[in-house]
Each structure stands twice: as structure tokens, then as C-alpha cells.
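Q: Below are the chains, spelled out letter by letter.
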Amino acid sequence: MSPRKICVLLASTLSVALAAPAAAQTPKVPGSPLYQKLCSQCHGEKGDGLGLAAPRLLPRPRDFTAGKFKIRHTPSGALPTDEDLEHVIREGMPYTSMPAWKHLSDGQIKELVAAVKSFSPDFANPEKKPKPVAIPKAPAFSQESAKKGKEVYARIGCPACHGQLGRGDGTSALTLKDDWDHPIRPADLTKRWTFRGGPTREDIYRTFTTGVNGTPMPSFAESLSAAERWQLVDYIVSLDPRDEPGYAELVQVQWTTDEIALDDLAKAKKLFASARPAYFPVIGQITEPGRAFHPSANGVTVRAVYSSSEIGFLVTWHDMRADTTGHNAPDLAVPPEEDQGDVTPAASSNKGGGGVFGEEEETPSGPSAPAAPANTASSADNVFGEEEGATATAAPGAEFSDAVAIQLPNQLPSGPRKPYFIFGDAQSPVDLWFVDLAKKVATRYSGAGSKSLSVVEGEDVTAIAGYDNGEWSVIFKRALRGSGGVTFTEGQYVPIAFSLWDGAQRERGNKRGLTRWMYLYTMPKETPSALWPMLRAVLAVLAVEILLIVWVRRRHALKSQDRPSQGTEPQDRKVPVHV
Amino acid sequence: MMPIVWWVALLLLAVQFALWKLRAGTFLWTLASWFSIYLFLHFGFTVPVPQSVISLYLGITTLATVAYVTSDRERLRNFTAPLVRLCIEPGRRPVLYGVAVLLPALAAFGTWRSMNVPLEAPAFGRTIHPAPPDSITVHDKPFNLITLENPYRKLEKSDPAAFARHLANGKRVFYQNCVYCHGDAMRGDGMYAHGLNPIPTNFAEGGTLALLQESFLFWRVSKGGPGLPEEGGPWDTAMPAWESFLTEDEMWDVILFLYDYTDQRPRAREVKE
Amino acid sequence: MMKKGLAAFLAALLGFAVIVGIATFLLRREYHAPYRAPAAVTQETPRAQGIADEKAEVEKRDKEKPYQEVEYRQFPKIGSRVAVWIAAQLHLLFAAFVLAVPLFALAIEFIGYRTKDRRYDRLAHEFTKLLSVSFSLTATFGAMLTFGLIILYPKFTTYLVSVFSPTFLPYVGLFFFEAFFLYTYYYGWGKFSPRVHLALGLGLNVVGTGIMLIANAWLTFMTSPSGISEKGALISTWDAVRNYTWMPINVHRIIANVAFGGSVAAAYAAFKFLGAKTDEERAHYDWMGYIGNFVAICAFLPLPFAGYYLAKEIYAYSQTLGLTMMGGAFSWLFIIQAVLIGNLFLAANYYLWLGMGRISGAEQFQKYIKYLLILVATCFAVWATPRSIISTVSEVRAMGGSAHPALQFLGVMSAKNTAVNILILTTFLSFLLYRRSGKTPTVSWAKAGNRAQLAIFLVAATIVISLGILGYFVEARVRIGFSIPQVLSVLFTMVSVTVIDVFLYRNATKTGEVRWGQIAPISQYVLIFIAVTFTWLMGLMGYVRSGLRQHWHVYGVIRDTSVDAFTPTLGFATRIVSVCVLLFFLLISFVFWLASLTGKKDWEPRPEKAAETERPGLEPVGAAE
Amino acid sequence: MKVPVSLRIAALAVATTGFYTYVGQLVPQKEVHPPAEVAISKDMKPDEMAKVGREIMEGKGLCFTCHTIGKKGPLRFPDLEGVDVRAKSRVPGFSDVDYFAQSIYQPSAFIVPGFNPGMPVINKPPIGLTDDEILAVIAYLQTLGGKTTVTMQTKLPYQAGGNGQAAAGTVAPPPAGPTGGPAATTAAAPAPQNAGKKPETPQNPNPSPPQ
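Chains as they are written, first to last, in this note's numbering: chain A, 1 to 579; chain B, 1001 to 1273; chain C, 2001 to 2625; chain D, 3001 to 3211.
Some hints could be false.
Which residues of chain C face chain D? A partial, calculated answer using Cβ under 10 Å [what the hints assert, rightly or not]:
(1) THR2115
(2) THR2158
(3) TRP2536
(4) ARG2559
(5) THR2598
What follows is a set of in silico ranges between Cβ atoms, one per label pair, in the way DEER data are often shown [to be verified]:
(6) B/ASN1116 with D/SER3041: 33 to 43 Å
(7) C/GLN2049 with A/LEU547: 51 to 61 Å
(8) A/ALA273 with B/THR1080: 25 to 35 Å
(9) A/LEU548 with C/LEU2586: 44 to 54 Å
(10) C/TYR2309 with B/GLY1025: 41 to 51 Å
(11) A/ALA273 with B/ALA1210: 19 to 29 Å
(12) C/LEU2586 with A/ARG276: 45 to 55 Å
(13) A/LYS37 with C/VAL2474: 16 to 26 Å
(14) A/ALA530 with B/ASP1134: 24 to 34 Å
(15) B/PHE1017 with A/LEU548: 31 to 41 Å
(16) C/GLU2280 with A/PRO528: 52 to 62 Å
(17) C/GLU2280 with A/LEU548: 33 to 43 Å
These are computed hints drawn from the structure, not numbers from a lab. Keep in mind that this is a model prediction, so the values were computed, not measured. For each residue, glycine too, the CB sits at the ideal point set by N, CA and C.
All chains should be modelled from the sequences, with the hints used to inform the complete structure.
A: So, in C-alpha cells, the structure goes:
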């Protein structure tokens, strides 16, 4: 055990010891000062999930008064154990606004657990005392089991929400609501790192066993045997071996001798098989007006190749539904009221396809007034802001289509200066390759800021796109030297960024998911072999060594011959002093 | 907890002491000193020294070592004696062969490593806290940043109730806007922090807020990433120019809240003589 | 003997071939037509123009070959720039040697004349021996340079001639007198009365300096033209001569020439020492090397200040030019320079320490060497620390910027000035220790004197270091001013300590003797190392002086529109410098060899045996150690 | 196995030069080419002008040898961040365009307080921007803190009215600047910044009449 660990251990035990009496002294009112400081902003001062921030969060913060908790070791519908609550506080819920409170001491977390429990009378009810279910150790993963799991997956109706290939694109995906009538998105089963309860096989098994309270995700403790549940787990694990995202900074553009032809998507995609995929995090555009607090996409995978004359990008991402009606463009205006998450009940909506925060009328106060937190029950269940079913029926006629854009600097930056990451700036514009997936035709925009986008005429960039089971694949192609923009050459770093629009969430214009500036690197056509240089180094060192040893030995031999006859020691030599 | 730097320094001193105690020969001593300097350059700094500078310094060290060893005949003999023995004495053959194999192997490894450097995106430094301009204009109102104070700071003493209202408003502003990047506990770990570079500022550690004046924060909050000077690398920073979302009061309130939540005080203005 | 001569000749030929081979190899690898931006709408780029001109030229020549004024001609294979570069560099190196050696030969002769010590006279003669061949080599390369310029850069040469034609006659006249004085001085050694001979030497120096001043005018005019109208028409030749950088270049060159000449003479002595057959010879050449090196280092110490003067005048002439030099493409050149100068200091100190080996009783000072060395190495490291560090992405990320939080303090002027001053002090201290070896003062105030010296050293070091540290806390304008007290305190230390030392060791008892010749042979290699480094340094600084003009022949007046108008990479420049240096040493060793012939007897047939017996004697004694 | 002295010396010389050459290869290798000419046409829009202006400032104009954008601290030359704001009020009676034009054509006419003179005349060699290029540069400078108002058709008072005699050094400055006419006209000589130091050096064959 390292000294550092010992120190931490000591410190934590000390703080527990010190914190314990402090906790004991706090009056037994619901919550606690620590809860009020750390948690009330989202979960509400009364624990009702209606904190200040709640209207702009998705999924919504938990309402503690209902006693329904997602991640538990107890049967479906039951209360969680203290350990469950502690675990969630400490680890947080990945890819939600619930952070991991790792820096809190054990005592503080215990205090928070007590506070959370104090909001629901159920915890005081001895009849409802949670009885944890045992989660066995996971059996070894096997492909066979995964194959069987696939059958189970189809049989019990998982695809309805999670989609055929588990990408969260089931037919009912967009209509799902939780017990509070808040929209909720089915998990993308190919991205285990986003699982709220954790990415391990035990975690997934636990979710199958206990269900997720308050959501449409049921428990399969009754309907499936333990073996079947493990098969299901294995199937999910087999969908994507990664349990963490492994975000990239750089996409390597692979050299190919083939021609990049875009007549057939499946065929074109094969070209990219050898290219190393780079997975970039996508976040909401929350910097400029038209904010998207919770974009649909949370990641985009990019592969790229270049041939002697062209460069091609394969951009793939998961989308709950292909929205191919309507239109989209990067310069569509987003009304300012959509920026505001604080919503009052909307009277009605005019068009189909409501976004999470879409179409609500703005509070009259605007940005200046301290808007009252949405503390009426009606505001809470109106995040969609329209009558139920609107989203479901909106599918065929959604106003905005899905779209994607690659953003490159207009000129290769010579120093650190890059264009502003949101569509460039006046001094260094960007080159935007945009594809409206309703038309599936690439358009080039020149951007000098999100308010100054203009279409560039010409057909430099071509694209081909397709949607398959929850995944969009778009291939962009351009000549290495285009009529404008960056000229791609071997061994070159170029900043690159991506934007994704989900029409179903009414994303358009600046309301979108985006990446920051990443880099693409055009790999050299050939990687030189290290063998020859290594061999040369070895031979050179060896030669010097041998020469040195031989030299030393010969000198030594000479010396030992000379020694008896003449003194070569310099001290012995008589030298006349020259003055 | 002692930083690694001190451990390294201590270790090197201990080695020197041990060599002195053991009356180590010139060869051993020189070699140990050379490697000590190498280790010190590599590990002796909390922020690692770039390889190019290490090579430069090691080159100078090597030159100096050669000068030291050869500047006296006795010293030179002492230095070379172990090497000569290694080359000559039959008893040391295994060691000699070992060295003879090891050195080319090291050279080959070095060559291989230099040719297999993992690919990295080019990175450029940016100034984290660039100097603010003298004055800015927010919502068409000029502000002199040199003299600017938080207008509500004085309420802390004069009118605690009003101050609390401002704090509450600041809290609302923070949790509706800033929390996505700066995080619930202001540790710079909001739900979108993983997608950003530069990463959002961590206000919870003492190295940021406490070193800044509120006028600096007002500049940063109102003008955001786009308002940074060139050296601050504004092109990557996702910090919005909050003047397009928030009123002046809201910005001051959120600044009050930042200090209050993290239990820090703004840096006092230096009194100019 | 014949055989040996033939072998030496063949070896020289081979050496020449090897260097030409290296040169062509290097140039083939590097030299290429530069990339130019695409042609403009309003105006063609110089390159496009250059290519078009060339093409037109060829076409015309094909047609009828009328006389045509050309702007440029190309030197085959290596290109015009490199051809002129090498010719100019070699010309300058030999000229520097020819100008410098009479300077200190005269001084040494004068010392010999005053002290009546024959040893000095012999030494001065020995130095002069190297002159005559060097002189003709200088003239040869000068002619090559002139023809090169006329043929390769006719338009530019015509312009220079139009400005400087009045200076050519005096130049040629002085050149004639130079030849006159040089040969009478050399051949008249011991034939005239000492006073007449000294007067001849003085004349030689005056004329030589005059030549240099005129030539300097031409080249400084190219960097900082004045005395001309905006369109370049000559207004006043005198103003063109005394342009901004003329005087600083004169000063800088005289000092640098002395340092360079001293180091080459020391290298000659080292060469003779290593080949010496007798102890007397060894003793003599040891001493000669010591004197040559002493001259070199003494001249070297004020050189940085002359450099500051030059840089200041460049800034005064044009800020753009100054910033190009210190900030732009050439900023890294000064890191290379720091490496060279650091090496010079290290080598100079090292030579002094080795020199203690020839003094019995110097052992007491051996223990200080370690600390002196640490000082020198530290200062060297500080000086060579670049301001903007080359680093990879992950290193930048780890540092949180391109500046290292600790090292950034070493990259600035405050640190460098301090390092240089401490370096000079340390070298001086080394010299002082060397001087004291084997002597014990007898004066009554010996202890007090020692303490005073120590105090002066400590005070000076404190001033230098504290001003250096203070420099971080004050404004740039104040900081620049700090270098003056730093330099002054160092100079004061050197003067006052020397004065005290002279009196302190008057009538000192000798506890040990200087045994000339009894120095480790490696020291002689150090002298050669110093000479090579000096030569290389001169080549490098010559490049920056000349390259500073970038794409101008005459800055701001005549644009360089040839294919060579770009500034090559430092790597390329260092390769050319290396080729020049190697060529110079090949030629100078020819000069050394010629000089060694004068002492030899006239050829007469000898029996085989004699040659046999001679061989062991020729084996270098020093090499055995 | 004894190596002759001459060979040893030769080896030492080669090794030493080799070492320095190696050091020379370690530093960043950058070729500096003569500045590229930037295409300029008379019908450029303001934002195009600004873009071209920036390129000129980076390349041919050598502006960033001395000037910076967005740098603080002790500087040799004024920083240009937000310069347009200052340009509007720097010299009474001058618009920002007038001020920029004066700074470029007659840099010594007005020196920003706290700085030393040292800027060369930009429309003369060695930099020698054309009038059109200078317009583009002004267009860019205006974007630093303001909006571009100049067009390619803007006539600056310093331009030599299209007769190609701009280099004569006798251009008329606009209504008297703060330092007056004479100071401004001496600025047209080759080494203007030192006009006072070596008065006889920069000979102006055609001294302009004081305004």
C-alpha cells in the first residue's frame, strides 16, 4: 500500500469520525443542509425533483417523494437499499446530469442518503424494508449464449423500444415516457458506457432482474430464467465489446489505391473497412443562441480514406428515427424562446414533432427576470409541450429532417489559430460540407460565424447516405484539391469538426449536437520499415564496440611488453624545464 | 504528501552519499552523477521537461564530464581502469559479452522507438488567464475593468437579506446555464466536459477564483470564449458570451454565487500608490 | 623524403576530393528550386519572372545570340548562391587570418624588442611564416569571389560598382602596399634594424586594416544602404561607405579576427607540438600554443559586447531588420551560437586546467576544478536554453503551454546575460588559478590581498546574479539597462584583481616550475578544437550577417529575384558552413606544411639508411599517451 | 596500431564540424520564401479585402515581425487588438481610415505614447506595398474592433493620383497632424527613424516643402 493511499484512508476515517456526531446533531427535518447545498438545485428543496435546473434536464431529476429509484438491488417496485443509494451518489449516472460525488466523504454520503430517504414516508414503513436480491457472479461469456440471447431479445419484445440491433431506435422509442410523464429515451445497447446502472455484465443482469422503477423498463425476474437473463446480457455485450467510449482526438485518413466510388452505399462502405474508426464525443451546442441542451446524439464515428485524387469520409451515428421529410440547413433560425428551458404550460403546438424543449412559449420574463422555478405540477409533465401522441404521429410529416455536417477550416491554419469552432469567424472562415438527409445531397457552406453562412456554388463535395436500424451512414467525398477550402496532402494535420441534427428533436440551425475541433491526419502512403535502421544501428554500435575492445587489448598487450624495459609513465619521464 | 520531485532529489543525494561512503571509483562516481542528472531532468520537475531540452542538457553534461575526467591523468586512469579490466580480464568475459550484446540491443530499441511514436494531434499552448482589456462594452454599457467592482458585493454586510436574494438568483443562473460544463460542484466536470477542450474551469480548487478579481470574471462571463485575445485561443473555447443570454445583474449574481458556493473571496484590488 | 612528399601531396588531393564529394552529396540532397506561391493577378512573382526570364534568355540565345544584359547566370550543379557563398567564406577566413596574425605578431615582436627576449622574436617570426601563403590564397579566393559576382550576378555587381567605383583605386593601391609590407616584413626578418622592421610591421597592419575597412563598406552597404536616393541612385560615396553597420562591423571584425588568428596560430603550434621530435621543440610549441590561445581568449572576451553594438546599430537602422535577426527565421541560429560559445568557454577553461599539469605544485588547485566545471556547465546550460522550446503535443499538454514553468525563466535575456557574465568570471578565475600555480606570494599583505581579491569576486558575482534576478521583476526598459552594470562589474573585477595579483606575486617564491612541453597531449587537440569551433562560429555569424537581407541584394534597394531569393533552412546553412570550414582547414594545413618546409634543409641525396633511422623520430611522441 | 597525428587532427576537425552540423539539424528547419504576392482586384467586397489584408500583413507586409494581436505586457510595438476603436480617437480630426493611412504612409507622423518610433514607410522598399494592398490592410485593421468601411475605390490623400510617381517622397499629408507637416515629410526618407541621428545620411534629393 502506497503512502498516498494510507494518507487518504486515514483522512477519510478521520472525517467520518468527525462527521458522525455532526450528522447526529442535525434536526430530523426532511433533507439536510448538505442536501440543500448539493442536491436541491435539481431534486428540489422538498425532494420532489422540481429544482431550479430541472426544466432543462433530460432525463429529469429523480422525485424522491415517490420512492421510485432506478438502480437497485431489490425487486421491481421495491425501495432501494442504503448501499444502492450510496452507490448512485458516489458513482453518479453516466451521460445524465447526475454527477459522481466521488469527492464526498463516506459520512457526507451517508448524510445525503438519510436526507433522500427522509422525503418518502415509505422508507419509514417497516413493511417496505428493502430485501436485496442476490446478484450471482457472472458466468463466463460465450458466443453461444449471446446467440441464444439474441433470440430471447426478439422474443420478449425488446426491439420495440431498443431497436432490432439495440441502437435505441425501436418504433416506440420516441414516445416513451416515465411515470411522471416525462419523455425518456431507451438505452442505446451498443454503448454500454452510457448505461445508468453501470457497464459490467453484473450491472446489466441486475437491471434485468430488478427492472428500472418509474420507467417502461420492466423486471424480467419472473418472465425469464436466470440463464436466459445471462444470455440476454451476453447478447448485449456482444453488440459492442467496448465498455468505455475510447474517445479519439484524431482520425487517421488511410491511403487507398482504390477509387472512391459513391454509387452504392454498401459497396462504398467496404472501402472504409481498413480505416481505423475514430469515435468523437458529441455534445449539445450550448454556447450560442439556439441552444440544444440535450441533443439526440452523444457520439459520432468517423472513418476516412484518401486515394491519389480524392478524400472520403464515412460518418456514422445512432439516431432513434430517420427523419427524411421536411428540410434542414445550418443557417435555419431558431426562435429565441426555444433557448429557454424554463417553461410554462404550452397552450398548444402548431406543428408536429415536438422537441424536448420545443415550441413552448417563453416566460414573459425573458432572460432577465429570475424566472420562477417550475414548481407547478403541470409544468413538469409538459416538457413535450403538446398533447400526447403528437410525437408518435409526427413521424411521417416531421418539419425538420436529420442532417450532418463536416466542418473544416477554409484555409489550413499555419499556427495555432483556428476558426471559431461554431461555424468559424470573420477572420478565419470555415468550409462546411452539409448533407440534408431528406435530400441526401451535399451542399457546401462557407461560414464566418453562425450568423454568416452562405452556400458555396459548385459540386465539389458529393455524398451518399443511408439509414439502417438506428444508424445513419453518410459518406462524403471531395477531390484532394477542391475549388476552395483545404487541399489535402500526405502527412498533414487538418482540424475537423462535426455537427449532427436530429429532426425528431426539432434540431436545426444552431440547435444541434456538435464536436469541438478534432484533427484528421492523412497517413503516409507507406510506413517505412524499422528493420533496416535498427540493423544499421546495431552494426554501427557493434563495430565501435569491437574496435574499442581490440584497441584496448592491443594497447594493454603493448604496455605489458614495454613495462619491464622502459617506464612509459609520464611522471617518470625527465623533461627539461624550459624557462 | 511530498511531491515526487523531492523523492527524486532525496534519492539522488542518497546515492551520492552512498558513493562517497563506499569510496567509489571515479568511473562509478562519474557514471552515477551522469545518470543522476539524467534522472533529475526526467523526473525532478513536476511539469516534465521536453525531450529536446533534456538532450541539450545531457549533451552539455557529457561534455563537462569528459572535460572533468580527462583534465587530469590520474583521474583518467582511474576512470578507464574498470573499462580496461572489463576488456582484458578473462574472468569478466561474461560481463563483457553481456555489455557487447546489450548496447546494440539498446541502440536497436531506441531506433525502433523513435520510429514508432504514437500519433498525436498537434497541440498548441494557450494562456489560461490572459490579461483583460481595459474596458468592455456589455449591453451597450461601457465598463472600465480596472476600476470595476461587483455592485452587489457590498450588500454582503449592509443588507444580508438582499445579498441572499442575489445569491439565490445567482444559484438559479448557474444551475440553469453553467452546470452543463462546470458541473454541479463547480469542479469543471459537467456532463459535457468530456467533449470539450480546453476543459471547463474547476472553480472548486483554490487556484482560480481566489486569484482573480470579480471584474475579470465579469469580463470572462460576459464576453466568453469569443472575447478572448488571440493568445487565449478563443477558437476552441466553448464558454458562451453570456451577454447574449443573461442580464448584467444575472452575471453579477452568478459571480457572487461562485464565490459563495466555493467558500472563496475575490482577490483584493491592489492599491496603487 | 620524396616518397613522403608525394604521399602528402596525394593525401591532400584525396582530402580535397573527399570534401568536394561531401559537398556535392550534401548539396544534391538539399539544393532544390524553392516553392513559390502561385502567380499573382497584378504582378508576376519573382520566381515566375525569374523562370520566364531564363526561358526567354535561352530562346534568344538559340536564335541569334545578340548581346544581352542579363540579371543572373547560374553556377552549374551547386547554384550561384552556394558558389559565391563558399568563395566569400574562404576569402574571408584567409583574409581574417592574414589581417590578424600581423597584429599580434607585431605585438609579440615589440615585447621581444623591449624585453630583449629572443624567444618572443622567434615566436613572432614563426607566426609570420604562416602569412605569405595565406596571403596569396586570400587573393586567389578574392579573385574567385569577384569573378563569381561579376559572372553570376552581373546586374547587382554593376550596381555596386556604380556606387563604389571611387573606392576601387584606393583598394587596389592598398593591396599593393599590403603585398609590399608583408613580403618585406617577412623576408626582412632579422635583416633590418628592429626599429625599421617594427615600422614595416606597423605599416602592414595599417594597410591591412585599411583594406578591411574598404571591403567592409561594400558589404555593410548591402545590409544598411545609405547615401543613395530612394531609387538607389548614388548621392554620396562617403555616406555609402559610412553606413550604419560599417563601424560596428569594423570593430567586431578586428576583434574577432584577432581571436580567430590566435586560435589558428595556436592550432598550428599544437600541430607542431604533436609532431615534435625533441623536448625543446615540444616546449617551444607548447609555449606558442599557450600564447596563441591566450591571445584568442583575450580577444574573445570582449566580443559579445562588440556583437551587442552591432545588433544595436542594426536595430537603429531598421527595426524590421533587427527583429528578423533576433525573432524571425534566425532566432534559432543564436541557440546554435550559444552551443558554440559554450563549447569555446568550456574548452578554454579545460585547456587552462590541463595546463596546470605542466606546473609542479599546481595540485593544490585540482580540487577546485570540479566546482569551476559545474559553474561553467551550468552557465552553458542556461545560455543554451531556448526561449521557445521544441516540444511534442503531449509535452505541450503536460506543460500547459509552450513555455515550461521552470525553464521559461532561463530563456530570457536576464538569465542569458547573467550566465555569460558568470562564464567570463569563471574563465578568468581559471586563468588566475593557473597563474598562481607553483608560486607563493612573499609580500607582507599576502593574506589581505587574497581576501580583497576574493571579496571583489564575490561582490561582482553578487551584483551580476542579483541584477539578473531583479531583471525578472522590472520593466523591459529598466532590464535592458541592467546589462551595463553587470558588464562593468565584471570588467572591474578583471582589471582590479589582475592589478592586485601582479603586485601580490611580485618576487613570489617559486614552489614549482613551469615545465613547458610537459602538458598532456590532449590539450593540443583542445587547441585544434578551439580553432575549428572559432572558424565554424565565424562561418555561422557570417551567414546571419549576410542572410539577414533575405530576398534583397541591397536591402530595400535591389531585390533578389533569382531562384536563390529564399532563405534556406538553418540545417542547410550549417552544412555549407561545415563544408567551408573543412575546406579552410584542408588549405590551412597545406599552409602549415609549407611553413614547415622553410625550416628544412635543402634537398640533397641521402642514403637509404638515413631515411630509415629518421622514421621512429617522426612518430609523434604525444600520440603514444 | 598507432594513428598518425595528421589523421587524428583531421578526424577531430571532421568530428567537430560534424557535431555542429548535427546541432544545426536539430533546430527547427524553416525556409523563408519571399512574400507571396496576393491577388488583388478592384471589385473586392469588404470582407474579401479584410481577408486579403490579413494575408498581406502576415506575408509581404511583414507587419507581425513587430506588431502583435492580442498580446499584453512590455511590447516593442503597439498591439493591434481592437485597434480600430483607438484609431477613431487617436488623432483629433482623423477618422480611423485617416489615422491608419497616416500610420502606414507616414509612420513617424504620430507615435503612440509610450513607444519609440521605428516603423518603416510601408509603401516604400523594403516592404513597398502598393496603394491597393494598403487599402486591403486598412480594411483588415478596421475589423479589429470595428467594421470595414473602406472600399477598393477609397482614395487616400497619400496616394499619388495614379500617375505612378508615388515614390517621389513628396506626397501631401492630410490636414496638419499633431506633429505638423515638416515632421511628417522627413518621414519619407529611406531611414526615417534615424533622421535625427545621422542627419547627413539619408539624403533626400527632393526635399518636400513644409506644409
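Q: Indicate, hint by hint, whether the structure satisfies it.
A: Do the hints match the structure? See the list:
1. THR2115: violated (33 Å)
2. THR2158: violated (19 Å)
3. TRP2536: holds (5 Å)
4. ARG2559: Where the cut-off is 10 Å and the nearest Cβ of chain D is about 8 Å from C/ARG2559, the hint holds.
5. THR2598: Because about 19 Å separates C/THR2598 from the closest Cβ in chain D, which is outside the 10 Å limit, the hint is violated.
6. B/ASN1116 with D/SER3041: 33 to 43 Å: violated (50 Å)
7. C/GLN2049 with A/LEU547: 51 to 61 Å: holds (55 Å)
8. A/ALA273 with B/THR1080: 25 to 35 Å: Violated - the Cβ-Cβ distance for A/ALA273 and B/THR1080, about 60 Å, lies outside 25 to 35 Å.
9. A/LEU548 with C/LEU2586: 44 to 54 Å: Taking Cβ atoms as reference, A/LEU548 and C/LEU2586 lie about 28 Å apart, which means the hint is violated.
10. C/TYR2309 with B/GLY1025: 41 to 51 Å: At roughly 50 Å between Cβ atoms, B/GLY1025 and C/TYR2309 fall inside 41 to 51 Å, so the hint holds.
11. A/ALA273 with B/ALA1210: 19 to 29 Å: For B/ALA1210 against A/ALA273, whose Cβ atoms are near 53 Å apart, the range 19 to 29 Å is violated.
12. C/LEU2586 with A/ARG276: 45 to 55 Å: holds (53 Å)
13. A/LYS37 with C/VAL2474: 16 to 26 Å: violated (46 Å)
14. A/ALA530 with B/ASP1134: 24 to 34 Å: violated (56 Å)
15. B/PHE1017 with A/LEU548: 31 to 41 Å: Holds - the Cβ-Cβ distance for B/PHE1017 and A/LEU548, about 32 Å, lies within 31 to 41 Å.
16. C/GLU2280 with A/PRO528: 52 to 62 Å: holds (60 Å)
17. C/GLU2280 with A/LEU548: 33 to 43 Å: Distance hint for C/GLU2280, A/LEU548 holds at roughly 36 Å.
Of the numbered hints stated above, those contradicted by the structure are hints 1, 2, 5, 6, 8, 9, 11, 13, 14, listed in ascending order.
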